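Chemist: Each protein sequence line maps, in turn, to chains L and B.
Numbered by this note's numbering, the letters in the first sequence go through residues 1 to 152 in order.
Numbered by this note's numbering, the letters in the second sequence go through residues 1001 to 1720 in order.
Hints are not guaranteed to be accurate.
Derived, one-sided and incomplete: chain L residues facing chain B with beta-carbon distance under 8 Å [as the list claims (entries may be wrong)]:
no.	residue
1	Trp25
2	Asp29
3	Gly82
4	Asp91
5	Ile132
6	Arg134
Only pairs whose alpha carbons sit at most 27 Å apart, straight line, appear in this in silico BS3-like list of lysine-lysine [as the list claims (entries may be wrong)]:
no.	chain 1	residue 1	chain 2	residue 2
7	B	Lys1202	L	Lys150
8	B	Lys1521	L	Lys150
9	B	Lys1306	L	Lys150
10	B	Lys1207	L	Lys88
11	B	Lys1598	B	Lys1708
12	L	Lys150	B	Lys1708
13	B	Lys1643	B	Lys1521
14	L	Lys150	B	Lys1656
15	B	Lys1202	L	Lys88
Reference listing, derived: stretches of chain B covered by chain L, where coverage requires no fewer than 3 residues with Cβ under 8 Å from a Cβ of chain L [said to hold, decoys possible]:
no.	segment
16	1332-1344
17	1648-1661
Hint data in this document are derived by calculation from the structure and do not stem from the laboratory.
In this text, all values refer to a predicted model and were calculated from it rather than measured experimentally.
C-beta atoms are modelled at their ideal positions from N, C-alpha and C, and glycine is treated no differently.
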Amino acid sequence: MANFTLKVNGTTHQVEVEDDTPLLWVLRDHLNLVGTKFSCGIAQCGACTVHVNGNATFSCVTPVSSIGNSEVTTIEGLSKDGDHPVQKAWDEVDVAQCGYCQAGQIMNAAAFLEQNPSPTFEEIDNAMNRNICRCGTYHKIREAVALAAKSK
Amino acid sequence: MKTQTGTSRRDFLKIAGTTAGGLVIGFNWFSCDSPKMEVLSTEQILAQAKSFNSFLSISPTGDVVIFSPNPELGQNIKTSFPMVVAEELEADWERVRVVQANLDPSKYERQLTGGSGAMPHSWERLRKAGATAKFVLVAAAAQTWKVPASEITVKNGMINHERSGKKGHFGEFVAVATTLTAPEEVVLKDKKDFTLIGTPVKNVDAKEMYTGKPMYGLDFQREGMQYAMIQRAPFGMKLVSVNDGAARAVAGVTNVVTFGSSVAVVGTSTWPLMKAKKLLKINYEPDGVVESTTDHDRLFAELMAKGKAEIKRKDGNVSAAFKSAAKIVTAEYQCPFVAHSPMEPENFFAHVQGDKVELVGPTQTPDRARQETATLLGIPPENVSVAITRLGGGFGRRLRADYVIEAVEVSRAIQAPVKVTWSREDELTGGAYRPAVRYRFEAALDAAGNMIGYKLRGVGMNAGNTTRESNFPSGAVDHLLIETIEHASSITTNAWRAPITNFLAYAEQSFLDEVALAAGKDPVDFRLELLNRAKTNPVGELGYDVDRMLGVVTMAKEKSNWGKNPSVKQGFSVYFSHKSYVAQVADIEVASGVPTLKKITAVTDCGLVVNPTGANHQVRGGIVDGMGHAMYTNLTFEGGVPKQRNFDTYRLIRLKEVPVIETHFVDSGFDPTGLGEPALPPTGGAIANAIFAATGRRLRSQPFIEQKEFSDIQLQIKRA
């Protein structure tokens, strides 16, 4: 066990866990930030996507020991009241079915649009292809990302 | 329209105060303010609300709380059910809060999600719940204002008496209304007067989902709760001994518990358990037949050739028809095992305390969870409470209670509250699956190309019946034989979204294309001929409405411009399942030898569309699901264990593999039927038939990408 100081959503937290504990489980089990989802655990589905220094990151394969001073942002910290342009676009387009993957989709989209504010459809598809939605809301995901890009 | 209120009288006007019974009670996770609740939280509203019936409570503030009894797994029932209640109540949707009801068989019938059956079952019950509440509110206003009830109108949560100029919101009449007697009969609205039903109402949980609020079973936490993960035995094996020394030595592991052939590692958080589980040394021995995919393939061939079949339907004289046939078409189709793989893996919270049990989690069948728990512990079912969380998908996996019972077993053993979590590897190796199945079709054509004989033999596993013997083309063929053969497999299997038909439809609709080709007929004309035969001179019993099937076929032909553009190669498919009718056309264009799937057109008759957004979601999602599993997904076994253990090898469809999908709905005038499943079955056939039209390759097994006929086809997908 070791002590880690983490900056998550602008707040500093102390946790005592093993070095190899994935950020996902630190967030979910130790910091009670359960908006970040577990699904595959091997960086294949994107449900666990968070931002580490603004980059979309699979938290399920990111050991807590690798975070250091980096700023972690989760779905809970993406905006104050769910009013990030991507969250608003998701609501406007009414994307979700079961909704379980959507926090990861939103975090991926938000980081992507930060780096590429005016993407082509091809670029949107390439970026969002790393997140699986088992309900098949892919059309709406694409539509919402495009809307968020326009509304920024 | 007048209708008897039926059972609503029983539960009518039981003033329950805050005990209306939703998940909202007793869990601190809802204490975080929902963004919709600028003024009052749902708890605050419920604290003052009076119960009108099982489905709704109204507070003196005029806020309406609607309880949605059925588990929400993405089929949008938590939005569409309350829409129906609110429509008849004439509520202001902006002032409606929706609460997921806990399991309560005394209040709700059929509190489950499966078979696309919730809406057809509850449609009238929901309408009556809204209409009876409106009735007593009006009666209360009439009494208060001393005016005739017949002169009162209700709109948008407001009660009006135009002649006297009096008006007030629902809340003002709650106290009086809840002292009144329920009506024996209630007038339901004319469908043409609906103002909420038929409009695109947004998901009631949207904001919570998009801001990461805890709402799924896996998000549930309780003070003092332990975590557990479980190593299960391979199928057909049982546990002999376990060496858990290394597992127990992992920091954070507090216990290792064995029940049956399962070994549970217990601890204070999830990650140590994932490590500890890998350190368990378990010896198993065979306990029955240990199966592999190669065994299944051999078994299918044997049973197809000489297995003893159960006859499901026999019309006319089949052997004579085949003897007299001018042409016989025969083909066999096969599909593999697939898993349900909901994005939220199986999990459940259980707290066994003496003869009482508290259960919280994602289940499609809360009553089954309760019953199996009661049976396991030998306690009355009433001693088991079940709170239903939002489900991160289900697809039929959560119809079973195996993962609930595991949590009960562990909680009983460790005498503490516990949440059992499955990893993705657990989900893919722990059952229960859609089983592999094989079909042989035979068709007899006369000299004019009429299908005079039809035979279907299905060989399945643990399915009971691999066929839908009263479905099309039954009723359209004079001489017909439908048989099923069963293999009892040690691998656990279960209903999977659109059970049986999810594969049968693909096989049958592909085969009918083969027959149309042999008969020299256009595939759509061929189906229309058969349907017209079933309409004018049906053979035996029909399990489907011919006119409604004709309706979707005809509209799909028109909307897809069937056969109008020679450069577009099209595949047609139509299927009836779960009370709804869906026809689909897949369009492929070939340029320089490269085929591109450009579009799938879907025409659906699900009766009245309650929520167009939800309906579109279900149709497109069903098509994406049907396409994904037909194209890419395969689960194979070796020694009773699946070889594909996570999404790196178990391939699910992704965004870039999804084509344009165009949806249309037939306005048939029928009451709404479910849509969680019916759009899935036709998709594999539409795509396979289009691939044949474009390339001449007939795909008789799934997944397509693993078939040798598909190996040199570089199918492109046009996405927008």
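Chemist: Work down the list of hints and note, for each, if the structure agrees.
Modeler: Comparing the hints with the structure gives:
At a threshold of 8 Å, the smallest CB-CB gap from L/Trp25 to chain B is about 4 Å, leaving the interface hint in force. Against a cut-off of 8 Å between C-beta atoms, the interface hint on L/Asp29 holds, since the closest Cβ of chain B lies about 4 Å away. For L/Gly82, the suggested interface contact is upheld, since its CB lies about 4 Å from the closest CB of chain B, less than 8 Å. A distance limit of 8 Å between C-beta atoms decides the matter here; for L/Asp91 the minimum to chain B is near 5 Å, and the interface restraint holds.
Here the hint on L/Ile132 is kept, as its CB sits about 5 Å from the closest CB of chain B, short of 8 Å. Taking 8 Å as the C-beta cut-off, the interface hint given for L/Arg134 holds, the closest approach to chain B being about 5 Å. Restraint check for B/Lys1202 and L/Lys150: the C-alpha separation of about 21 Å stays at or below 27 Å, so the hint holds. Note on B/Lys1521 and L/Lys150: the hinted pairing is violated, with a Cα-Cα distance of about 49 Å set against a maximum of 27 Å.
Restraint check: the Cα-Cα separation between B/Lys1306 and L/Lys150 comes to about 63 Å, which exceeds 27 Å; the hinted pair is violated. Distance check on the hinted pair: B/Lys1207 and L/Lys88 sit about 9 Å apart at the alpha-carbon level, within 27 Å; holds. As the CA atoms of B/Lys1598 and B/Lys1708 are separated by approximately 23 Å, the hinted pair is consistent with the 27 Å bound. Pair hint L/Lys150 plus B/Lys1708 does not hold up; C-alpha atoms about 44 Å apart against a cutoff of 27 Å.
This hinted pair does not check out: B/Lys1643 and B/Lys1521 have alpha carbons roughly 43 Å apart, beyond 27 Å. For a cut-off of 27 Å, the pair hint linking L/Lys150 to B/Lys1656 stands: about 21 Å separates their Cα positions. Straight-line distance between C-alpha atoms of B/Lys1202 and L/Lys88 comes to about 13 Å, which keeps the hinted pair within the 27 Å bound. Residues of the segment 1332-1344 of chain B with a Cβ under 8 Å from some Cβ of chain L number 4, which satisfies the need for three, so the listed coverage holds.
Coverage of the segment 1648-1661 of chain B by chain L holds [criterion: at least 3 residues with CB-CB distance below 8 Å; count 8].
Violated hints for the displayed structure, listed by number in ascending order: 8, 9, 12 and 13.
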